[in-house]
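Number of protein chains: 2
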Amino acid sequence: MNAAGIVVEYNPFHNGHFYHVNETKRKAKSDVLIAVMSGSFLQRGEPALVDKWTRTKMALSNGVDIVVELPYAFSTQKAETFAAGAIQILDHMKCRSFCFGSEEGQLDPFLQTAARLYEEREALNECVRSSMKKGNSYPTAQTLARETLFQDQPLPLDLSKPNNILGFHYVTANNELNHPMQPLTILRQGAGYHDEQASGHIASATAIRNLLFDQKQADHFLPHSVLSILTEHKQNGLIHSWELYWPLLRYRLLSIHLDDLNAIYEIEEGIGPRLIDAALKSNTFLSFMERVKTKRYTWTRIQRMMTHVLTNTNKKEMNDAAAHVSFVRLLGMTENGRSYIRAIKKEMAVPLLSRTAAAVDLLSLDIKVSRVYAAASTAPAHYTEQLLDHEFSAPPILL
Amino acid sequence: MNAAGIVVEYNPFHNGHFYHVNETKRKAKSDVLIAVMSGSFLQRGEPALVDKWTRTKMALSNGVDIVVELPYAFSTQKAETFAAGAIQILDHMKCRSFCFGSEEGQLDPFLQTAARLYEEREALNECVRSSMKKGNSYPTAQTLARETLFQDQPLPLDLSKPNNILGFHYVTANNELNHPMQPLTILRQGAGYHDEQASGHIASATAIRNLLFDQKQADHFLPHSVLSILTEHKQNGLIHSWELYWPLLRYRLLSIHLDDLNAIYEIEEGIGPRLIDAALKSNTFLSFMERVKTKRYTWTRIQRMMTHVLTNTNKKEMNDAAAHVSFVRLLGMTENGRSYIRAIKKEMAVPLLSRTAAAVDLLSLDIKVSRVYAAASTAPAHYTEQLLDHEFSAPPILL
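These protein sequence lines are chains A and B, in that order.
To convert a position in the first sequence, counted from 1, into our numbering, add 13.
To convert a position in the second sequence, counted from 1, into our numbering, add 13.
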């Protein structure tokens, strides 16, 4: 069987994702589509709108055959690490190709850019380091370094665009595999990644989340199946947002020892007292973020730090877990997906795990993280209980 | 001026406390009454019903001239350490006498018992140690050891009664001072310490708290001034109970590393996984406690452990803070109390602190603890804010 892979968050699944699913199948001529999907916390350092099981149902209802989890150690990281984890997992799943949406839309610029940056990697790293010493954030330092180094012969890819950046890192990570997959890209349709305005039938996930947080209709931008999954979810569960975790995060910041705060992943020496002081003064996550944000510490960067404070994830455990992909966690599959898994399972280089109960050591970080996700304030007791039980003992979803 | 001291929790102040205040003044022939009062968390490992400022007002409205805080490092400890801290503080405040309520009611049995246990202290400790090795709790081991050692000549004091135990430790701690104060005791009136039933105008604080938790009238058992202070408090603030902290404690237990849990004060190696497992299964503090309680781990003992988990207080910081009294924190005073403080302040051996802002290092444990107390779930934002501000920058209450 010919499997294609995609890397997704589905927060939530929308019409743009539906287009991506179908275009991938068409371009890859695949008969199985595998999505590696972030679990409870996402790349921009946010809790997922709805739990991973509900998002798995959305995917399986809309053309995806297999959903595996991108573990916390990769899902909450900067593009480079995020992409490396995702590509390794698709490789473990024996995908022949993978396909990502990009603002660029053509593959060649990615391949050429990857090749040129690889040639210049040492000069580039040096440039980024010295720029960060001057107080620039990592993304700004990268942009400046590329502008300096390639001013005579500009790179063919616009690396200021978020999906181009991710795509570039997918291609780079793929190049590092023993047997690279075939990369494919499609032009992103409709609104841009960060756009909060919607147009046509396609809106960014950000715009759709804002509609959902405000309890407004987002029907126009979501497949029917997703709408009914969301409606069913809301009868029993929550729409998760950072505000629901603010009482817990605030409590943690008000009681943590400074040494322990400094040991949290991505926390830099010196920012601790500033975080604690802001927590003292802030009644909401939003006002906390407004207080803490600076030019150096971008919104996304602070959100990622706060995700790790909330989940109590320290530098050591994160670095250990992100060192390499040591398992693949299966969240759900269709019948078609099941046949594929039967065919490849014995050939896989890492274990394919169906239940966390079977591998509590390998999954310890993800188990902890999903427990914190389930402890959202205002969550009804039965909902928290259901999430905790599901995580630990339920089999993958079969749709 | 002749100052007398009392050790109190006032959770809340009731008619029995009013009797204690007046009897102390009469017996001690004092012209100033000083109460050393537990702050946010109490000896049985519970959050105080209302914050320390509200309880200070209750005391000052009912005959107490000065309220100083029994720091967290003493207020949440077993009788021996609790008493040692309280007696040292009253000594620092230059009290000539102190007076405690007891089931016994006469002083001589306390003095004789203290003398005999002092003589037999080595045999006794040996007995307690070997009894605990057999799985008995500390209080049970003490009782059994005394029964064994003094079976021919029983001690004149019934040390199965909670206020007799406390009184005994006050007397013992007092004996260790360079210049011991004059001990005094009065017979406790009305209901016993743990009685949940009330009779007459005096009910135990436990019975009164249960009435208040159930939103029933407790008017009969409280001075009028306390009733109006409570009524005013409820317009703006909360009646605190363990249940309000359960979402925070549960979150903490679900995200803490086992090593860090084992480092928490009073947590014994081996109980950690049991606590975490119970937290996973319990939607309320009450159901958690029912799951965790055993013959070895009494209710009070687990509540104290949970207090330290909630406040993230580890063995090292607690042992350091409880090693000796290094400051006295002034919570409130009457005009009469103020005159007394002016007279003694310069003679005091440790600093008398009015604002935490002035001594953040000395008070670091108490500052952290009062922040956690203020972070109770369901607390309205303005109330949390008020508690945080008051703790940090407000002067003592002057009534």
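Careful, some of the hints might be misleading.
The list cannot tell twin chains apart, which means a pair is met if one copy fits it or any two copies do.
Computed cross-link-like contacts, EDC-like style, restricted to lysine to aspartate or glutamate with a CA-CA straight-line distance of at most 20 Å [what the hints assert, rightly or not]: (1) 328 / 272; (2) 381 / 279; (3) 247 / 374; (4) 328 / 273; (5) 381 / 290; (6) 329 / 273; (7) 91 / 256; (8) 42 / 330; (9) 42 / 171; (10) 247 / 36; (11) 381 / 273; (12) 306 / 139; (13) 329 / 272; (14) 308 / 402.
These are calculated hints, taken from the structure and not from any lab test.
Only a predicted model underlies this, so the values are computations on that prediction, with no experimental measurement involved.
Results for each hint:
no. : hint      : result
1   : 328 / 272 : both (12 Å within a copy, 16 Å between copies)
2   : 381 / 279 : within (18 Å within a copy, 24 Å between copies)
3   : 247 / 374 : neither (33 Å within a copy, 48 Å between copies)
4   : 328 / 273 : both (10 Å within a copy, 15 Å between copies)
5   : 381 / 290 : between (27 Å within a copy, 12 Å between copies)
6   : 329 / 273 : both (12 Å within a copy, 14 Å between copies)
7   : 91 / 256  : neither (23 Å within a copy, 39 Å between copies)
8   : 42 / 330  : neither (40 Å within a copy, 63 Å between copies)
9   : 42 / 171  : neither (28 Å within a copy, 87 Å between copies)
10  : 247 / 36  : neither (31 Å within a copy, 61 Å between copies)
11  : 381 / 273 : both (17 Å within a copy, 14 Å between copies)
12  : 306 / 139 : neither (27 Å within a copy, 59 Å between copies)
13  : 329 / 272 : both (14 Å within a copy, 14 Å between copies)
14  : 308 / 402 : neither (42 Å within a copy, 29 Å between copies)
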